[in-house]
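Peer 1: First to last, the sequence lines map onto chains B and Y.
The numbering used here applies: residue 1 is where the first sequence begins, and numbers increase by one.
The numbering used here applies: residue 215 is where the second sequence begins, and numbers increase by one.
Please keep in mind that the hints were generated in silico from the structure rather than gathered at the bench.
In this text the structure is predicted, and so the values were computed from the model without any measurement.
Cβ coordinates follow ideal geometry from the N, Cα and C atoms, glycine included.
Treat the hints with care, as some may be off.
Said to hold, decoys possible - Pulled a few chain B residues facing chain Y out of the computed Cβ check, cut under 7 Å:
1) GLY114
2) VAL121
3) LEU122
4) GLY123
5) ILE133
Said to hold, decoys possible - Mimicking DSS-like on lysine-lysine, the simulated pairs with C-alpha atoms at most 27 Å apart in a straight line are:
6) B:LYS140 / B:LYS205
7) B:LYS208 / Y:LYS357
8) B:LYS140 / Y:LYS357
9) Y:LYS302 / B:LYS126
10) B:LYS132 / Y:LYS302
11) Y:LYS302 / Y:LYS286
12) Y:LYS242 / Y:LYS439
13) Y:LYS245 / Y:LYS227
14) Y:LYS302 / Y:LYS291
15) Y:LYS286 / Y:LYS297
16) B:LYS126 / Y:LYS344
17) Y:LYS242 / Y:LYS291
18) B:LYS132 / B:LYS209
19) Y:LYS245 / Y:LYS344
20) Y:LYS286 / B:LYS126
21) Y:LYS302 / Y:LYS245
22) Y:LYS297 / B:LYS126
23) Y:LYS242 / Y:LYS227
24) B:LYS132 / B:LYS208
25) B:LYS132 / Y:LYS297
26) Y:LYS344 / B:LYS132
27) B:LYS205 / B:LYS132
28) B:LYS209 / Y:LYS357
29) Y:LYS291 / Y:LYS227
30) B:LYS140 / B:LYS208
31) Y:LYS357 / B:LYS132
Residue-level listing of the chains:
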Amino acid sequence: MSTTFMQLLSGMVVSVEIFLLTLLFSLPLGLLVSFGRMSRNRILQGLVKVYIAIMRGTPLMLQLIVVYFAPFYIFGIPIAPEYRFIAVIIAFSINYAAYFAEIYRAGIESMPVGQYEAAAVLGYSKSQTFFKIIFPQVIKRILPPVTNETITLVKDTSLAFVIAVAEMFTIAKQISAKQASVTALMVAGLFYFVFNYVVAFIMEKFEKKLSYYR
Amino acid sequence: MEDRNLLTIEHMKKHFGDTSVLFDISLKVNKGEVVSVIGPSGSGKSTLLRCATLLEEMDDGSLIYSGRYAAKSEGDKSVYASKEDLRKIKRSFGLVFQNFNLFPHYSVIQNITDAPISVAGVGREEAVSKARQLLDMFGLSDKENAYPCELSGGQQQRVAIARALALEPEILFFDEPTSALDPLLTGEVLSVIRRLADEHMTMVIVTHEMEFAREVSDRILFIEKGYVVEEGTPEELFASDNPRVRDFIGSIRK
Chain B
1 MSTTFMQLLS GMVVSVEIFL LTLLFSLPLG LLVSFGRMSR NRILQGLVKV
51 YIAIMRGTPL MLQLIVVYFA PFYIFGIPIA PEYRFIAVII AFSINYAAYF
101 AEIYRAGIES MPVGQYEAAA VLGYSKSQTF FKIIFPQVIK RILPPVTNET
151 ITLVKDTSLA FVIAVAEMFT IAKQISAKQA SVTALMVAGL FYFVFNYVVA
201 FIMEKFEKKL SYYR
Chain Y
215 MEDRNLLTIE HMKKHFGDTS VLFDISLKVN KGEVVSVIGP SGSGKSTLLR
265 CATLLEEMDD GSLIYSGRYA AKSEGDKSVY ASKEDLRKIK RSFGLVFQNF
315 NLFPHYSVIQ NITDAPISVA GVGREEAVSK ARQLLDMFGL SDKENAYPCE
365 LSGGQQQRVA IARALALEPE ILFFDEPTSA LDPLLTGEVL SVIRRLADEH
415 MTMVIVTHEM EFAREVSDRI LFIEKGYVVE EGTPEELFAS DNPRVRDFIG
465 SIRK
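Given the sequences, and given the hints that come with them, work out the whole structure.
Peer 2: As structure tokens, this is what we get:
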């Protein structure tokens, strides 16, 4: 029983790691992608559109498999065992960056032009205008959709089972099969639920913190 | 008042797509002068102001601040100065918008001090004390830590004026500063502008407030369909024989 518990615990840790690392990479990457998407350079904008279309238009599960096997099938590089986890982080990060990019874009494009004009007349440089005036307001505006994506990410971490990364769902499924009981899967379900409860709680705190202005 | 020229606009022309908005606008503003720009909606008043404040590029004409060319007419089109020069020229004027355009995530004091600190390089203490002085002058001392959403429109506009003044512009433009306000709030904003006029602040004011324009202006410019129809002292303009001017002033004052 205690080994089962330890196994589930280690799965939880891996799931949390996937979650945190994906956010760490995809949130800034998404901002860069949104700049490309809004670029006046047609070629860059076109390339980014194709990238976003692929990321949103194909299953994340398939993307995981492609990222995992690509080095071997395309370049003939043997797949090292530690690449398994790295592949998950790469696939999740580039997938979520595409979604976040569109959220950033919606937020940035919703900003009234008067904010840019006021900053321009006051002499702010372009980067000062963006980072001091525009972006802080964009964050407030996009927090609800970002919360949505973040909650989806918690549940999506379970997709890593497809390349046999030992996260929560993979382990729960193994235990469940071995014990011929659904208990382990129930524990996994509870884990995802509590995890998301915490995520929603934290995001709500952020929203409250930014509610000092309209 | 000395006769130093702060702003000269020569033959400004501007069109958007196929629509010409400004055909030929010229204007000179000397230090200490208050010039009002009046005219019917769509006459090009706001476009004139947006071109003068470099928010919009004019197609032809020259724009000169204190003898420095921001744009020079060369062969039927305006050639603008380098980015570096324009940045310096921008320091010489301020603009107050119709919709205030305060930064909602900054408190009142931050709205006023941020540009002096992070753009003009003024020390924080100096910027704050200057801002407090302005707030005091505009009767907003108790609003220092409020956020724009907690203020009335009139208070927001007064903060916006303080924000523009904090950078110590030589000339201050107003783009219909009271058009978004009800009559009561209009009064408090106008009294602030009146006070600046008393202190010989150089101002160019686009407005629909005829009585106010008459009272504070040294000169009034009447613009219609992209042309200056008439220019003169308030007395001259309000006694004008030009039927367009008479009609307009008459209809507004009713």
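Peer 1: All the hints need checking, so say for each whether the structure fits it.
Peer 2: To see whether the hints hold, each was checked on the structure:
no.: 1; hint: GLY114; in the structure: holds (4 Å)
no.: 2; hint: VAL121; in the structure: holds (5 Å)
no.: 3; hint: LEU122; in the structure: holds (4 Å)
no.: 4; hint: GLY123; in the structure: holds (4 Å)
no.: 5; hint: ILE133; in the structure: holds (6 Å)
no.: 6; hint: B:LYS140 / B:LYS205; in the structure: holds (12 Å)
no.: 7; hint: B:LYS208 / Y:LYS357; in the structure: holds (22 Å)
no.: 8; hint: B:LYS140 / Y:LYS357; in the structure: holds (23 Å)
no.: 9; hint: Y:LYS302 / B:LYS126; in the structure: holds (15 Å)
no.: 10; hint: B:LYS132 / Y:LYS302; in the structure: holds (21 Å)
no.: 11; hint: Y:LYS302 / Y:LYS286; in the structure: holds (16 Å)
no.: 12; hint: Y:LYS242 / Y:LYS439; in the structure: holds (20 Å)
no.: 13; hint: Y:LYS245 / Y:LYS227; in the structure: holds (25 Å)
no.: 14; hint: Y:LYS302 / Y:LYS291; in the structure: holds (22 Å)
no.: 15; hint: Y:LYS286 / Y:LYS297; in the structure: holds (14 Å)
no.: 16; hint: B:LYS126 / Y:LYS344; in the structure: holds (26 Å)
no.: 17; hint: Y:LYS242 / Y:LYS291; in the structure: holds (20 Å)
no.: 18; hint: B:LYS132 / B:LYS209; in the structure: holds (18 Å)
no.: 19; hint: Y:LYS245 / Y:LYS344; in the structure: holds (22 Å)
no.: 20; hint: Y:LYS286 / B:LYS126; in the structure: holds (25 Å)
no.: 21; hint: Y:LYS302 / Y:LYS245; in the structure: holds (19 Å)
no.: 22; hint: Y:LYS297 / B:LYS126; in the structure: holds (12 Å)
no.: 23; hint: Y:LYS242 / Y:LYS227; in the structure: holds (16 Å)
no.: 24; hint: B:LYS132 / B:LYS208; in the structure: holds (20 Å)
no.: 25; hint: B:LYS132 / Y:LYS297; in the structure: holds (21 Å)
no.: 26; hint: Y:LYS344 / B:LYS132; in the structure: holds (22 Å)
no.: 27; hint: B:LYS205 / B:LYS132; in the structure: holds (22 Å)
no.: 28; hint: B:LYS209 / Y:LYS357; in the structure: holds (21 Å)
no.: 29; hint: Y:LYS291 / Y:LYS227; in the structure: holds (9 Å)
no.: 30; hint: B:LYS140 / B:LYS208; in the structure: holds (10 Å)
no.: 31; hint: Y:LYS357 / B:LYS132; in the structure: holds (22 Å)
Hint violations for this structure: none, all hints satisfied.
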